[in-house]
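> Listed below, chain by chain, are the residues.
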Amino acid sequence: MLNAIFEPGFFSSSPVHVALAAGGVVALVSGIVGSFAVVRGQSYAGHALADISVTGGSASFLVGVSPLWGFVGVGVLAAGVMDMIGIQRPRGRDLATGIVRGAGLGLAALFLYWDTTHSNVTGATITILFGSLFTVSSSILPAIVALSVAAVAIVAVLYRPLLLSTVAADLAAARGVSVRLVGLACLVAIALAVSLSAMTIGTILSTALLIGPAAIGLRLSSRPGLAMAWSALAGLAATWLGVLLAYDSFYWPPARHGWPVSFFVVTLIFLGYVAVQGITSRVRRA
Amino acid sequence: MFSGFMTNAWLVATFVAIVAGVVGFFIVLRGQAFVADAVPQGAFAGAAGASLLGINTLIGVAAAALLGALGIGWLGRRGRRDVATALALVVLLGLGALFLSFSTEYAPEIYALLFGEVLGVSANEVLPIAILAVASVAAIAALYRPLLLSSVMPELAEARGIRPARVETLFLVVVALATSMSLPVVGALLIFSLMIGPPAAARSVTSRPLPALALSAVIAVVVVWASIAAAYQTNWPVGFFVGAFGALCYAAGRGWAGLRGRRPARPGWPAAGAHGPGEHGVPAANVRV
Numbered sequence: 001m002l003n004a005i006f007e008p009g010f011f012s013s014s015p016v017h018v019a020l021a022a023g024g025v026v027a028l029v030s031g032i033v034g035s036f037a038v039v040r041g042q043s044y045a046g047h048a049l050a051d052i053s054v055t056g057g058s059a060s061f062l063v064g065v066s067p068l069w070g071f072v073g074v075g076v077l078a079a080g081v082m083d084m085i086g087i088q089r090p091r092g093r094d095l096a097t098g099i100v101r102g103a104g105l106g107l108a109a110l111f112l113y114w115d116t117t118h119s120n121v122t123g124a125t126i127t128i129l130f131g132s133l134f135t136v137s138s139s140i141l142p143a144i145v146a147l148s149v150a151a152v153a154i155v156a157v158l159y160r161p162l163l164l165s166t167v168a169a170d171l172a173a174a175r176g177v178s179v180r181l182v183g184l185a186c187l188v189a190i191a192l193a194v195s196l197s198a199m200t201i202g203t204i205l206s207t208a209l210l211i212g213p214a215a216i217g218l219r220l221s222s223r224p225g226l227a228m229a230w231s232a233l234a235g236l237a238a239t240w241l242g243v244l245l246a247y248d249s250f251y252w253p254p255a256r257h258g259w260p261v262s263f264f265v266v267t268l269i270f271l272g273y274v275a276v277q278g279i280t281s282r283v284r285r286a
Numbered sequence: 287m288f289s290g291f292m293t294n295a296w297l298v299a300t301f302v303a304i305v306a307g308v309v310g311f312f313i314v315l316r317g318q319a320f321v322a323d324a325v326p327q328g329a330f331a332g333a334a335g336a337s338l339l340g341i342n343t344l345i346g347v348a349a350a351a352l353l354g355a356l357g358i359g360w361l362g363r364r365g366r367r368d369v370a371t372a373l374a375l376v377v378l379l380g381l382g383a384l385f386l387s388f389s390t391e392y393a394p395e396i397y398a399l400l401f402g403e404v405l406g407v408s409a410n411e412v413l414p415i416a417i418l419a420v421a422s423v424a425a426i427a428a429l430y431r432p433l434l435l436s437s438v439m440p441e442l443a444e445a446r447g448i449r450p451a452r453v454e455t456l457f458l459v460v461v462a463l464a465t466s467m468s469l470p471v472v473g474a475l476l477i478f479s480l481m482i483g484p485p486a487a488a489r490s491v492t493s494r495p496l497p498a499l500a501l502s503a504v505i506a507v508v509v510v511w512a513s514i515a516a517a518y519q520t521n522w523p524v525g526f527f528v529g530a531f532g533a534l535c536y537a538a539g540r541g542w543a544g545l546r547g548r549r550p551a552r553p554g555w556p557a558a559g560a561h562g563p564g565e566h567g568v569p570a571a572n573v574r575v
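As they're listed, the protein sequences go chains A and B. So in the numbering used here, spot 249 of the first sequence is number 249, and the numbers just go up one at a time. Take the position in the second sequence, starting the count at 1, then add 286; the result is the number in the numbering used here.
If you're looking for bench data, these hints aren't it; they were derived computationally from the structure. Think of the CB as a built atom: it goes at the ideal place given N, C-alpha and C, for glycine as much as any other residue. Take these hints with a grain of salt, some might be off.
As the list claims (entries may be wrong) - Among the chain B residues that face chain A by a calculated CB cut under 8 Å, a handful are:
no., residue
1, V314
2, G365
3, G380
4, A383
5, S387
6, I417
7, S479
8, I482
9, W522
10, P523
11, F526
12, G532
13, Y536
14, A538
Just need the whole structure built from these sequences, with the hints factored in.
As structure tokens, this is what we get:
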């Protein structure tokens, strides 16, 4: 019976252990930080930062440092640039985000081109864009954990001013909160979370972990703390179930080399969101 | 640079630029940068699916783009629009990842779909792209007044009997159309640079809609031509130049507006934030419709 759910070897395989650990940490952080991204209407910024960290990932292949530092460094840098050119103003914010993203991806195209022509990195494009939890090396686990703690610490330390400046910016400013500085710190936390998930479930799909669980959490509770807890839980559940399904899918048709983890994680998050949305809107109507 | 095989590239790129400039004008006006970003990226899944099934890439891309656009419209009516956009995007990309894992496609082809391969346009691709370009511009022309009105003055538009949800859906379909024709040329990840940079620059030069629309198309054409020429000379990817020149346009527009003592995003324009024009677009007193 258990063998039908957990294919043999699931609990003893070390890539699975690393995938569960790295994916779990990233899902928790994205769920917590993502709640603020969604409430503050910065879904697009989160998505753009994930894409822009590709630039760092592709540059790191070129100069030969660990992709982790490329992803994280460029992600945080881009957060600073976005803040500088006016992301804090709601008007024109998406536009500024889009421009930064376009320029960043243009650079990524150039770096990837150099990666594939000058150095002999085959498949760099795919690795960087889609990633795979099963290829995370256990040596970067400590760095992932440390950066995750940093992202959560930013949000935890700034919890009250962040919440206040999110729901009532004028009131926060009147109470002496530097709305701009808090916004920048929040964006940096988002950049950290997003570049970490870009490393693990792939740059493009990291948006899913940032936005999906947070949207589910905010549907389930209107109390911020509780919504964040739901969000982290939903992200964790989707990631671990996704890893399990991907492991089980190894002998599934048609390819017989396993379906991608990212596909399962994203699909689970989406189904969860649609289900929660359907249930809560029915409950509210009743 | 102007030899036989390059003619197709110049021709197709010009079509793409005109459509991107025209459609992009409304994207910037409506503050839908995220949608302009998500639909092409999601449409990439269609290309992967098409190569798996062995059908024409254009059909796969168009199907995925439509699915994405309608998905955004459907989900967005029930929740936050930026969340809806993000979810529709990631679901399509998840499918794309699945298709890619099934197929035996090599990395260079995927790279081309993501970042563009304008020099590789073949003669039999020109006609379908031309037809789609004409269709997109015609659709915008037909929708022009309701679209403009519901973008800048949603309340007035509603009072005149324009249904914002319907205009929104139709506009998303046009975005999907424009996307599917541009994807093979400038690449999924950079179409939207072309849809955002030139219109943003045009908008900071003039606030009258028709001249801004025309200027936006002209700037887009110039950007694409300059990008192809630069890519031809340096052998670097076209996508890099489109992204860089798009950002330059935006910077120039901001600089121009700054010199003339006004901001591109003046209070008269609707909020270009995460919320749709229907949610809290500010009525524009100084926009001539």
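> Each of the hints needs a verdict: does it hold here or not?
Here is what the structure says about each hint:
Taken as an interface hint, B/V314 checks out: its beta carbon lies about 6 Å from the nearest beta carbon of chain A, inside 8 Å. With a least beta-carbon distance of about 6 Å to chain A, the hint placing B/G365 at the interface is held under the 8 Å criterion. Hint on B/G380 holds. Least Cβ distance to chain A is approximately 3 Å, under the 8 Å limit. For B/A383, the interface hint holds, since its Cβ comes within 8 Å of a Cβ in chain A; the closest pair sits about 5 Å apart.
Because the smallest distance between the Cβ of B/S387 and any Cβ of chain A comes to about 5 Å, under 8 Å, the interface hint for this residue holds. Interface hint status for B/I417: violated, as the beta-carbon distance to the closest one in chain A is roughly 27 Å, over 8 Å. With its C-beta approaching chain A no nearer than about 3 Å, B/S479 sits inside the 8 Å limit, and its interface hint holds. Interface restraint check: B/I482 against chain A, minimum CB-CB distance 5 Å, threshold 8 Å, status holds.
Interface restraint check for B/W522: the shortest CB-CB distance to chain A comes to about 6 Å, inside 8 Å, so the restraint holds. Nearest Cβ of chain A to the Cβ of B/P523: about 4 Å, under the 8 Å cut. The hint holds. The beta carbon of B/F526 comes within 4 Å of a beta carbon in chain A, closer than 8 Å, and the hint placing it at the interface holds. Because the beta carbon of B/G532 sits about 5 Å from the nearest beta carbon in chain A, less than 8 Å, this interface hint is met.
Evaluation of the B/Y536 hint against chain A yields a held restraint, the C-beta minimum of about 5 Å falling below 8 Å. Restraint check, B/A538 versus chain A: the minimum CB separation of about 12 Å is more than 8 Å; hint violated.
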